[in-house]
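Asker: Residue numbers (numbering that gives the first Met the number 0), protein chains in the order written: chain D, 0 to 213; chain Z, 0 to 213.
Just to be clear, a hint being listed does not mean it is correct.
[Said to hold, decoys possible] Below, simulated DSS-like cross-link-like pairs (lysine-lysine); rule was C-alpha separation at most 27 Å, straight line: (1) Z:Lys97 x Z:Lys45; (2) Z:Lys45 x Z:Lys20; (3) D:Lys97 x D:Lys20; (4) D:Lys97 x D:Lys45; (5) Z:Lys20 x D:Lys97; (6) Z:Lys45 x Z:Lys3; (7) Z:Lys45 x D:Lys20; (8) D:Lys20 x Z:Lys97; (9) D:Lys97 x Z:Lys97; (10) Z:Lys45 x D:Lys97.
Read the hints as simulated data drawn from the structure, not as lab findings.
2 protein chains.
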Amino acid sequence: MTTKERIIETAVTLFNEQGTKAVTTNHIAAAMGISPGNLYYHFRNKEEIIRAIYEQMDQEGMDNYQQIIARIPPGSLQAMEETFAMIQRFNWRYRFFKRELTALLLSDPQLQERHVTTHRAMLAVVRHSIENSVAQGILTPMAEEELGLFVEEVWLLTLFWLNYLEVGGEEVNEITLARGNSVVRQAVRCRLTEKGLALMADYLQSSASAVTPR
Amino acid sequence: MTTKERIIETAVTLFNEQGTKAVTTNHIAAAMGISPGNLYYHFRNKEEIIRAIYEQMDQEGMDNYQQIIARIPPGSLQAMEETFAMIQRFNWRYRFFKRELTALLLSDPQLQERHVTTHRAMLAVVRHSIENSVAQGILTPMAEEELGLFVEEVWLLTLFWLNYLEVGGEEVNEITLARGNSVVRQAVRCRLTEKGLALMADYLQSSASAVTPR
Numbered sequence: 000m001t002t003k004e005r006i007i008e009t010a011v012t013l014f015n016e017q018g019t020k021a022v023t024t025n026h027i028a029a030a031m032g033i034s035p036g037n038l039y040y041h042f043r044n045k046e047e048i049i050r051a052i053y054e055q056m057d058q059e060g061m062d063n064y065q066q067i068i069a070r071i072p073p074g075s076l077q078a079m080e081e082t083f084a085m086i087q088r089f090n091w092r093y094r095f096f097k098r099e100l101t102a103l104l105l106s107d108p109q110l111q112e113r114h115v116t117t118h119r120a121m122l123a124v125v126r127h128s129i130e131n132s133v134a135q136g137i138l139t140p141m142a143e144e145e146l147g148l149f150v151e152e153v154w155l156l157t158l159f160w161l162n163y164l165e166v167g168g169e170e171v172n173e174i175t176l177a178r179g180n181s182v183v184r185q186a187v188r189c190r191l192t193e194k195g196l197a198l199m200a201d202y203l204q205s206s207a208s209a210v211t212p213r
Numbered sequence: 000m001t002t003k004e005r006i007i008e009t010a011v012t013l014f015n016e017q018g019t020k021a022v023t024t025n026h027i028a029a030a031m032g033i034s035p036g037n038l039y040y041h042f043r044n045k046e047e048i049i050r051a052i053y054e055q056m057d058q059e060g061m062d063n064y065q066q067i068i069a070r071i072p073p074g075s076l077q078a079m080e081e082t083f084a085m086i087q088r089f090n091w092r093y094r095f096f097k098r099e100l101t102a103l104l105l106s107d108p109q110l111q112e113r114h115v116t117t118h119r120a121m122l123a124v125v126r127h128s129i130e131n132s133v134a135q136g137i138l139t140p141m142a143e144e145e146l147g148l149f150v151e152e153v154w155l156l157t158l159f160w161l162n163y164l165e166v167g168g169e170e171v172n173e174i175t176l177a178r179g180n181s182v183v184r185q186a187v188r189c190r191l192t193e194k195g196l197a198l199m200a201d202y203l204q205s206s207a208s209a210v211t212p213r
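I would like the entire structure built from these sequences, with the hints used as guidance.
Answerer: Here it is in structure tokens:
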């Protein structure tokens, strides 16, 4: 791992533990046992570190998603479930970002602009996946307005489940994250065709009988 | 308005504009044209002001909800729509709280504990309202697990719509807030009975023809 990568990893750990407000670049350098000068060689200030974390996070998210849809066709129930679970693990890894997202974006217009691009890309991914499910006869067809609202519903639930648990004072663990998956699954189930319902029953049975629960 | 109330109002305005991090108690005193000593007489620090804002916010929310259900039976579509619209106005008035909620709660365990009480009370309100709709034959009956997940779905969508707009770089205005209402309405529509669907069609027609759009 390069020094730059180590700075990013250390910053993620400290930000997750204490929030971005309480952590200075000096704290990060001290935790790594390097001099502040060495850190400044890589990042001029905390804002630059946060932006670098954002880029890494974005890249990791997209890579993870590509890996899922390389194995499983998008629009299938399994792809939906695995994508939701992947995003929650991911949100937990970068949880300071989820906790402080609105405030961080409002205080850094460059980051805000960057984030809007990702946000739109994610909405497009959700839409593509839902359209695929409709084409496969899993979800009932929707008019454009209805589809747009449904895409936003699914994305909002996925995006904020971790925050929802935290503001409700709940521990974030396998069980509470799985409950988020159930909320999304139920929202989707409401729009499944007969074929979709049968596939979901099969999928739930096979994942329940698997050794490693998904 | 008492000095104490003016401090709270000024703090809300400044926190909304600049975030809680950038605003000190001295800024608040200066903006009001009072001495820091006068402010300290009422609040020892920023944390105490934030807690007082929380109490006021909580009280206002519950009062607003009581006013709605004194006019309109809970469980009706109109009550649901008006409650959603009320909560969005309310979230906008105290928008710094929505933006920084997770971070504020993590840095103040007393506030966190207080918030969990409100969070549970709100889930109980949503549940009560959904159970009423089922009893009136508007929503299809649900098993306990399904009901629990649906309550959380509706509450999460309501709670985070404002954050969703902000992180997506969208302006918060009548149109974007109304879209949030449409997302929730569509999630509910999926579970309406024949009677519920007919009532929703009537309700949407009457609110569309009213002079003041809801």
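Asker: Let me make sure I understand: some of the numbered hints might not hold for this structure. Which ones are they, in numerical order?
Answerer: Hint check: nothing fails, all pass.
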